[in-house]
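Since chain V is already given, all that's left is putting chain R with the ligand on it; use the hints.
Taken in order, these protein sequences are the chains called V and R. If you're matching positions, the first sequence starts at 1 in the UniProt record's numbering and goes up one per residue. If you're matching positions, the second sequence starts at 1 in the UniProt record's numbering and goes up one per residue.
Keep in mind that the hints were calculated from the coordinates and are not lab data. Predicted, not measured: the structure shown is a model, and the values here were computed from it. Ideal placement from N, C-alpha and C gives every residue a C-beta, glycine not left out. A couple of the hints might just be wrong.
Now the stretches of chain R that chain V is said to cover, found in silico as 3 or more residues with beta-carbon under 8 Å [as the list claims (entries may be wrong)]:
1. 37-43
2. 56-62
3. 74-87
Here are some chain R residues the structure puts well away from chain V; computed CB gaps all over 12 Å [claimed, not checked]:
4. E29
5. N48
6. P49
7. K50
8. W66
9. F67
10. I70
11. V90
12. I91
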Amino acid sequence: MSTQEFRTAQGGRIDRSRPIRFRFDGSDYTGYVGDTLASALLANGVIQTSTSIKFDRPRGIFAAGAEEPNALVQVEAPFPEPMLTATTVELYDGLVACGLGGQGRLSPEPDPARYDSVHVHCDVLVVGAGPAGLAAAAVAAETGARVIVVDERPEPGGSLLGTRETSVLEWATSVADRLRSNPEVKLLTRTTAFGYYDDNFVLAVERRTNHLGAAAPAHRSRERIWRIRARRVILATGAHERPLAFNGNDIPGVMLAGAARTYVNRYGVLPGRRAVVLTTNDSAYEAVFDLLDAGVEIAAVADLRTGGSPVWGPRCAERGVEVLAGYGVADVTGADRVSAVTLAGPDGSRDVAADLLLVSGGWNPVGALYSHAGGRLRFDTDLGSFVPDGCRQAVAVAGAAKGTFGLAGCLAEGAAAGREAVEAAGFTAPADTRLPAADEQPASPTAQVWVLPGDESRQYVDLQRDVTVAEIRRATGAGMRSVEHVKRYTTAGTAHDQGKTSGVLTSGVVAHLLGVDVGELGTTTFRPPYTPVSFAALAGRDRGMLYDPVRVTALHPWHEAAGALFENVGQWKRPWYYPRDGEDMHAAVLRECRAAREGVAMMDASTLGKIDVQGPDAAVLLDRLYTNMMSTLKVGSIRYGVMCRADGMVFDDGTVIRLAEDRFLVTTTTGGAAAVLEWMEDFLQTEWPDLRVHCTSVTEQWATVALVGPRSREVLATLAPTLAVDNASFPFMTWRDTEVAGIPTRVCRISFSGELAYELNVSWWDALALWQAVYDAGQPFGITTYGTETMHVLRAEKGFPIIGQDTDGTVTPQDLGMDWIVSKKKADFVGKRSFARADNHRPDRKQLVGLLPDDGTTLLPEGVHLVAAETVATGALPEPPVPMLGHVTSSYHSAALGRPFALALIRGGRGRIGERVYAPLGDALVPVTITSSVLYDPEGARRDG
Amino acid sequence: MMLISCPWCGPREEAEFHYGGQAHVSYPEDPSALSDEEWARFLFYRDNPKGPFAERWNHSASCRRWFNVIRDTVTYEILAVYPVGTPKPVIA
Ligand SMILES: [Zn+2]
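Bound-form chain R, shown alone:
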């Protein structure tokens, strides 16, 4: 069970959180302007890397805030925690 540092509450048990999938997949500005393929890519295609992955987490059993995390999918190490809407930090 991971220990996840909520930016608002501090380090808490993984069980308090809800996973939200890949981060930085924004709802398109104008969906009607997208081709079927572009829209399908938004709906159905997500990265599945081995290694660092930017993903969304929600502290659902506490402050209910969404935030982003860079987590290594091999080691489960959390390499960065950063607010929604800010750019993905560069991980050395």
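This is chain V alone, in the form it adopts within the complex:
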């Protein structure tokens, strides 16, 4: 076990009394509570975490936060999770991880953790609990406004955590305490706002137990998605330091200067022993002094500005730190780690031994969320950065995120933003704001440099994607002028980090290569999520049984007990078939079909959509929506109807029962119920508001049992002794209210099988009692329960189409051979005008027909295409495109026919009856003969028993 030889003697925000053991790439190490995996690795002298995805080059820890481009890791234990950055994984006991070269592995184990989500509204949402964010939150919270503060780190303080600043950090801690004790305020740490959507809707993910490892309590959700709707948003998201492109800038040991500073101050870790610093700006000097005081030797500072830093130059001289103004890095030596740096400048070049090269190419305000919100960015030439430049949403930006890098400025700007936000939300801000005094160094201007002279193939722009300046030159050389094109061509900025460090550098390099202004060029578009979010978190509790509502009928427990297999029909679970011992589906369905055709059978039809249509104009509405006449229907009678969209295409079908002069019960397909109700409501509200009609869904109020077969009348008679069941008293397509087995029942003579049949409608509550009574009474007749598969076979044998299976929104009633359902008398109904369109009279329209495979045994797969005999005259399919006649829409084995059969939509199909066509099945061409769509009982002799 290694000994943390790079740990400082004291300092840092780690708990040295609580050591932690962990394993990385097979070696055991120790760290402390408060470490990240990255800081603990550095403490143990490990800087390389992986090799790069394309060139297999060593890659080391480069940053100290979410912007890390290199240090991708896979956590193996206690909970497997791929594609995390070592800089954001908090260390816990028993952590086992390994480095990743760009691609993780999903665990095949099911995830036992809980995930959940919270919807919340607030007056002010502050993103970022650094100095600016806390100043804003402090002001806003004092007014009584509902404030939410989110921050990605484990503790508030933001950039202060990485500095030696103490008094402002004390202020930050006290503000955080006050926020925590304010009942109107929610301070969420370990929470990343990752998406900013319309109307100030912000999504954040809170990591609640990840940092606890195996000690995470099982009852607590591991991650939580916060769906926040805020009246005002303040973005205080800080800035990310930017690297520079130079030779060898990808070798482990090259690190952002600010990151090194964070490792020293926050974690008490020395990222190296002897450092060279390369900078374009003053901020790197803060790192120089922090590292120096922690015991790191500063070999030299190469300041790309010819004048160096007027403020920091003399201080360096005082401490004996050599500053080379106007110098840059010509090369870096080292295989797995930096060993020397070649500096070049006005007075020539020289090699400097070092194990660390700190880089600062300036700072990029974090503009991702602002861009998600629709905000524009502009390039500030003084800062050398893209800064916010206006957004239509109610958002303000404060602090480094706005390009204000001094601490005093950040505090003042945050407080002002907080004040403005609460005032805009209708609260009264306090008269004065107490802000801590902050030291602020006067900063001299940043040099705008992107690429140093050298070998472009060794100058990396995107470390994770292995994109070099040379590759970007290939893109611009190929004529690309937009960073969006360059991004897609080179993949720069497309890795897990989405170019947090490389994005603006890519723009700078493209501008440099094209000789254009980077401000004109702009950046690529930022899109959510800001950092990777696990699908488990996004799914929350909406998985497994809760993924989608499951709808079951009142009879579901009976079906389950009877051993039914179920079919999903929309959200409904419907019995598919009821296998008996040893039966496969084929055998069960043949048995169920025979029972319905030869004896008696029963089915749960409760999922049929049912709409109660009431009002003086109910008949008028139905006349306008159905293709046939409904107003002439007599009370007590039933009519089948078809609805079309205005384009004339069949949309739904079902029966219409007239209950009273002003009241109908309309049934719809199982899947179409919601759409039909919406269709009716749309017309009633927007086109015909003068019609006095109300529509109510009663699908789950009425349970329906279909009693089917030549002996169904006998079963019904035994259960409803007062009901006259003979054909003359109770004819086809009529209904009667009666009692069946003592239960109030509406009995409808409707047949979806062609057989004598009844539909028994009862209150959902009575369904089980009715079903059981029918089942018991049917025993002497051998009553058989059947499911959807048998229902399909029975209806298909009769050529009854299923809307949505045999039709697809391009099929008219005429295509289905149902001219008889289209009223010639009505002046208009929805779809009528379209029947006169030329396209609907094309002779080659696809029409519904039956198909019989010639061999009498082949079951055609549904969806299989059909080709004409002349197309395959050679005995094989021609080269594509192959002219197709149509396709199979339904296909079953028929007990009644003793062979498989199918329904199909075929061009000019009714004119081809008797013709042989071919179904390509694998390498075979199966000959089939086109028939009428009605294959069973075409005379309709069976419906009256």
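Frame of chain V; chain R with the ligand shown alone:
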């Protein structure tokens, strides 16, 4: 996710609503009087502007009422909400 102000329920999440396409496209008074081209224009032709667009929305997961909205298709800003059957408001 937009926040849409239902005239009957107040501001609610976009997920509660159902989009209904361009507003002010009425079902013709007498379809049989229209030429094939006029009927086809009613069936198939809709505007697709960049900017303010009058469109239909239905609060399907709540009050189920249809209403009209003027929404900027670039910024997704809702510029007006008004009842079905009333004229399109003038947006400055
Ligand atoms: Zn509503």
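Each hint tested on the structure:
1. 37-43: holds (count 4)
2. 56-62: Check passed, 3 qualifying residues.
3. 74-87: holds (count 5)
4. E29: Given a closest Cβ separation of 10 Å, the condition is violated.
5. N48: holds (19 Å)
6. P49: holds (18 Å)
7. K50: Holds: least Cβ distance 15 Å, greater than 12 Å.
8. W66: violated (5 Å)
9. F67: violated (9 Å)
10. I70: Since the minimum Cβ distance to chain V is about 15 Å, R:I70 lies beyond 12 Å and the statement holds.
11. V90: holds (21 Å)
12. I91: holds (15 Å)
Comparing the model with each earlier hint shows violations of hints 4, 8 and 9; every other hint is respected.
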